[in-house]
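Going line by line, the protein sequences match chains A and B. Start counting the first sequence at 80; every next residue gets the next number (my numbering). Start counting the second sequence at 651; every next residue gets the next number (my numbering).
Among the clues, some could well be false.
[Claimed, not checked] If you anchor each label on the Cβ, the simulated ranges turn out as follows:
1) A/Leu170 / B/Pro675: 53 to 59 Å
2) B/Ala784 / A/Met607: 25 to 31 Å
3) A/Lys743 / B/Pro675: 49 to 55 Å
These aren't lab readings, by the way, just hints derived from the structure by calculation. From the three backbone atoms N, C-alpha and C, an ideal C-beta is built for every residue, glycine too.
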Amino acid sequence: MQPIDKPIRNQTASALIALVFCILSVSLFDPLLFWVLLISLCATGIRLVMYFGWYQPMPSLRTINLLGVLCCLCLGWFSLQIGLLLTMVNLLVLAGALKLIILNRPRDLFHLFCTCLFIIGMGFIFHQSVVMTLFYGLLTLSLLVAIGRYFSPSQHLPWHIKRLSVMSLQALPIAILLFLILPKLPPLWKMPVSKSTETGLSDTVTPGDIANLAQSADLAFRATFNDAIPPAPERYWRALTLEYFDGRQWSVSPLRKQVRQQYRLLNNEFKPLVSGDWWQYEVITESTNKHWLFSIDVGIPADLNSSQAIWQSRDYSLLSETPITSRRAYRVRSYPGTPMDQTLYSIDSRMNLQLPNNTAVNPQTQAWAEQLAADNPTQIERVQAVMDYFADEGFRYTLTPPPMPDNPVDDFLFIHREGFCSHYASAMSYVLRLLGIPARMVAGYHGGELLQPKVLSIYQYDAHAWVEAWLEGRGWVRFDPSGVVAPARIQLGLQQAVDEESFLVNNQMARLQQIPLFAELRNLYSLMDYQWSRWVLGFDAERQQNLLALLLGKVTPRRIMYLMLGICLIIGLLLALYFIPHWQRKRPPANLRWFLQATQKAEQITGLERQNDGPEHFADRAARRLSPQSASQFRAICEAFIALNYTRDGEVSAQSNAFITQCKTFIRQAKAL
Amino acid sequence: MVSRFKRSVDNLHNRWLQRRIPPSPRYQLNLKNVFIFPSRFGFGYLLTCVGLFILGTNYQNNLMLLMCQFLLAFFLLHLFVSYRNFTAVSVSLKDIQPVYVSEHALLCLQLHVNNEDMPFYGGLHIQLRGTSLALLHRRADQDREVKLLLPAARRGIFRLPRITLSSTYPLGLFRCWTYLDFNKSLAIYPKPIASALKLTSTDASQGDTAGNVAGIDEFDSLRAFKPGDPMNRVAWKQAAKGGELSTKIFNQTQQEGGWLSLDTYAGEPLEKALGLLTYQINRLSSRQHVFGLNIGNKRIEPSTGEAHKHRCLKSLARYRQPEHDYAAD
């Protein structure tokens, strides 16, 4: 008599929520610690075993509490390595797993439900693609089904799925309205960000690094231009400048970091004077977990929103205020004609004439530089001499240069003479410094694939490095030795510059995409992904302002108020549509509808009004004015109608069809006398 | 002090309910008598939404915000779905059968779906207001009735307090509830205590008349069975031998004017005396004897039959026991 009130054992709700939890934790494979994942899998197993009734007794609360304390200690230990955010995610999953084991009372089920919802929310930090969004949407739906199943256990699972899907579909338009209209707030406070999974460029470059990056076909960012897009050779996307060289690798100068810090403290942002033509575009960058942003020189933030989120550094690079942990959109205007001579020469030259402390490395290069200096008195001549050396001495552009561990620049310049862009940039910068010209390596991307007429996709294999040298009277000037060695790299892109065979050689998946069909699919997916990032992920306060302006004309508080009222009204109407049953009033049955039509036709022809006559009576009256054939037809219709509607059920459908045909014939053929 | 304040608030609430939901034998649930408010779980859900909103805002993550807004929209829809589901039924209460002390009375609420196209789903929680008696029937939509057992601790005629009926369909985020007063009372008879019959004659002043009692079970004659005759009077022995069904007639001449009286047990404690009387009333009625009841100032004229039995038992239950609200203790 007493219904079982515990969500355990045979309750589908518990098994369902266990499965959802399991799938959820597996989907967070990257951020989760392995042992946490293992515990959550075990918890699912235990719950399923209980559901099927193979083993009934539950672990006692004390056991679980002990396990919880142990796990917390473990997690505390690991938290030093993985950072606050990941610790939080792990803690949440852990809590969910332990709750799943002792799931016994309805309250536990509700707690687990809320925890799972929150974990799904956390999942969006790590996954934002369309596919994953759909996937998490399905998981949310399954969670709702699990809870629904608990509250009305007498209905079947498919019934719940249908019901809650309908409810979710009904909720979706309201959610979208809210999403479009509710103001987008700036971050309330600084959140911890995950330390791991840095992708793309790093702030220390050994010449081989960028070549490794070139093996990756992952998206780096996309740029959507307002008007024209720059021609292919101009697409130098600056990310960061590397100004410290230790003889082997280049890194961001500590001095530069110090200077930047001081300017930040003084809140003295770099505002270069810009002039000439410009390109305006929006960049949607993938997550890098780094601060730097991508822009063509000289880029400045294009609107207030972007300028709040961006710090302009005095090395002409743009830095985000918060690390890019998820896709982010910002708008930039680039003035390619602006001379880059607006920074302090004293500071820049101090950083960019720096030479490795260890003079024993690369001795040959140092000697060669002395020779060059003696031969070429002016700066321009010296730079030209270096470039000519690359052009004339049989250098080869390749993704797979031989290793050069000891004297990398010497080996590269004088022995192997083959390398990737970073080898060239590294060697040239070093030589220029030896020649007394301030020079630095700039890391970024070059190129981009046209996704749509005004949209460029830039992939990781577009990573590039080039050289900037300070020439007197001109400021920083860009030199790209790779362009001299392999003009195709600059004109057409990496794929054309290196031989097809070696392109993406280690990346089978990416190579598969070179097949036309896959390329097509990939293109389609890119397009969808692009629209998704642009309109959903990139729907920020700026976009919202634009939308409001589009809707309201001018954005005034009064109009905003009207809009809010309008939205409330629309939501009210939607609810009315869902819940007021009038619109779903039943249509009269088909035979009545056809009978009425036939009667109407008879009225039309005879000029009589049926008023409230019964069918037979009206048939008698109408017969006098109808042609004999029509009269008999009409009479038959009336009798059939009475037979259909006022006798008992039985074979109604077949007769009904015949009746409708009868009516149709009459309506077509009826004639007056 | 606190308890007095609580009582006065309770009184105010009751009076307000009396006006808002007047007693009725059958309720159509509608705007007037249904209350709806987020449940504890609902508030937890909202808290989760707030958490997601803060997280989404701080990470500037649109998907989290979208999810949060979806959950809020779902919450809003849930309000309407809950309400529509709950108001799809009308509720009536089956008559409560009288019970004896230490038995259980059965409260049976029946649900009638107004429109089969829009049936009622989910479980129902039923509670007797002001008592700790409550039950969650999770398959109420299937059974279309909800039963609650009421322990009968004391004899008396009790007014049934309002019944709180609540539903949390579909996801428990909202609780819809109503307080229903079916204006029914619950009769709890004294517990029968077996004893020998003690009938007094018509004239109570004549003293001990126990001698007359011996004759009441005397067999008189047989007559042909007529439909409607009680089964325990059928002469089964004769029937088993292959004869016609016949009914035994007992000599009733001596039974006329038999009286049961509380005064007979003046020496016993009151509750025991009432228990003894209860037993005798049951025994006499089951044999279709004519008897009357003298209890305190009240006199019930001799008669027979079920109605008479219940009248007598009710007067026993009511004896020196003012009518008040049912309480579970």
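Hints versus structure:
1. A/Leu170 / B/Pro675: 53 to 59 Å: With a Cβ separation near 56 Å, A/Leu170 and B/Pro675 satisfy 53 to 59 Å, so the hint holds.
2. B/Ala784 / A/Met607: 25 to 31 Å: Since B/Ala784 and A/Met607 have Cβ atoms about 53 Å apart, the given range 25 to 31 Å is violated.
3. A/Lys743 / B/Pro675: 49 to 55 Å: 53 Å, holds
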